[in-house]
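Peer 1: Since each chain sits alone in its own frame, please combine them into the complex, following the hints.
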Amino acid sequence: AQSVTQPDIHITVSEGASLELRCNYSYGATPYLFWYVQSPGQGLQLLLKYFSGDTLVQGIKGFEAEFKRSQSSFNLRKPSVHWSDAAEYFCAVGARPEYGNKLVFGAGTILRVKS
Amino acid sequence: GAVVSQHPSWVICKSGTSVKIECRSLDFQATTMFWYRQFPKQSLMLMATSNEGSKATYEQGVEKDKFLINHASLTLSTLTVTSAHPEDSSFYICSAPRGSYNEQFFGPGTRLTVL
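In order, the protein sequence lines correspond to chains A and B.
Going by my numbering, the first sequence opens with residue 4, and the numbers climb by one from there.
Going by my numbering, the second sequence opens with residue 256, and the numbers climb by one from there.
Bound-form chain B, shown alone (with noise of 0.2 Å):
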């Protein structure tokens, strides 16, 4: 139990164009979902939660015109990359919560190039 997916595992994209990215928990519900990004040879930085039913809250420094999250299921997050740029080009992961400790569980990750 508790299978995260993420589709598309991978996209590329040219630049000016938007990408979206879902996240979904595949055998429980979550009304949190969290959204991070890792850089090439970098850690893995949160870049924000994703609330179903309200807005999602962004970390400091991540643009939230940019990066469109929405939740618009207990099993369904997106995230969107508006307006994609070459500085864009990462890999994406999600999380989604669950148990008594709020444990958070991986999708597999989208990788993003931005051409």
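For reference, chain A alone in the conformation it holds in the complex (with noise of 0.2 Å):
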């Protein structure tokens, strides 16, 4: 079965200042990864995902993401910063659909910006 940690709980930024977002995940064969963002109360909104191919991932609102294989990691990065930016932000592992397409979640990383 697959595992995701994600070893920071809260995260924060100034504006404009660059973020790293760790991910590191435990997965048997190559994995499919995702990155999701979820402000208070509401759904889930996909960043990016990686599937094959390409390992520098490109998603919505200027974020990016590395998987790097030998380090079991994925994680999301963002140049700068912006207010909106503030929200819960979970790694996801997805085994493959022969082995039963199911999706594990990290606990999450709540990113504060200050201005």
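Hint data in this document are derived by calculation from the structure and do not stem from the laboratory.
There may be inaccurate statements among the hints.
[Unchecked claim] Derived lysine to any residue pairs resembling SDA-like cross-links, with alpha carbons at most 20 Å apart:
#, chain 1, residue 1, chain 2, residue 2
1, A, K105, B, T286
2, A, K105, B, F346
3, A, K105, B, R279
4, A, K52, B, G354
5, A, K105, A, T15
6, B, K296, A, A90
7, A, K105, B, T368
8, B, K310, B, N325
9, B, K310, A, E101
10, A, K105, B, K310
11, A, K52, A, I63
12, B, K296, A, L49
13, A, K105, B, L329
14, A, K117, A, T15
15, B, K296, A, Q9
16, A, K105, B, V274
17, A, K105, B, P363
[To be verified] Derived contacts from chain A toward chain B, CB cut-off under 10 Å, selection only:
#, residue
18, N27
19, Y30
20, L49
21, F54
22, A89
23, R99
24, G103
All values derive from a computational prediction rather than experimental measurement.
Beta carbons are placed, not taken as given, at the ideal position from N, Cα and C, and that holds for glycine.
Peer 2: Shown next, in the form of structure tokens:
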């Protein structure tokens, strides 16, 4: 079974500063990897996803993530954070369809942006 | 494309009553759908996999007699919380897979409050 670790529960960055949210996964095969964002009381919004191919993935809102197989990581980055980016971010690892297609979510990282 | 809806978006009920939540794939068909639960300030946890035309598959620790799942058609899955209690108050989110990678598309969620 797959698992996901987001080591940072809270992160605070200044507006305009760069951001990196960490995500480590455990899975026996090449995983499907996702980052989602959730504002309070809202549903999930997909930021980006990795299935195969280029390990540097571009997403919406200026986010990117890099799949590093050797480190079992899929860290989310943004060069310049905006106040509207304050939210909770979830990394998820998905099993391939032949293995049940289940998604397992990390515990989440709450991002606070200070002006 | 790939829109998933949920109804209702929020519901308040008395302890001991049953509540039904619908999950619909609006523009595609899904032989499986997934139900997640998110307690306040926590991550999403997979509850069960809904299978069209057959029984749902429940995750360990999820009471199948309490959380009844019916996948009546290729576009509709329902989750019924039977004899709800305050500890069942949570955010319930469904998803449906689509595409060659079976990427999961999430509904907006249903907030259940049991008084």
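Peer 1: All hints are to be evaluated individually against the structure, with a verdict given for each.
Peer 2: For each hint, the structure was consulted:
no. : hint            : verdict
1   : K105/A x T286/B : 14 Å, holds
2   : K105/A x F346/B : 19 Å, holds
3   : K105/A x R279/B : 19 Å, holds
4   : K52/A x G354/B  : 13 Å, holds
5   : K105/A x T15/A  : 31 Å, violated
6   : K296/B x A90/A  : 12 Å, holds
7   : K105/A x T368/B : 27 Å, violated
8   : K310/B x N325/B : 8 Å, holds
9   : K310/B x E101/A : 19 Å, holds
10  : K105/A x K310/B : 17 Å, holds
11  : K52/A x I63/A   : 10 Å, holds
12  : K296/B x L49/A  : 19 Å, holds
13  : K105/A x L329/B : 19 Å, holds
14  : K117/A x T15/A  : 7 Å, holds
15  : K296/B x Q9/A   : 14 Å, holds
16  : K105/A x V274/B : 25 Å, violated
17  : K105/A x P363/B : 19 Å, holds
18  : N27             : 15 Å, violated
19  : Y30             : 15 Å, violated
20  : L49             : 8 Å, holds
21  : F54             : 5 Å, holds
22  : A89             : 15 Å, violated
23  : R99             : 8 Å, holds
24  : G103            : 7 Å, holds
Checked against the numbered hints given earlier, this structure breaks hints 5, 7, 16, 18, 19 and 22; the rest are met.
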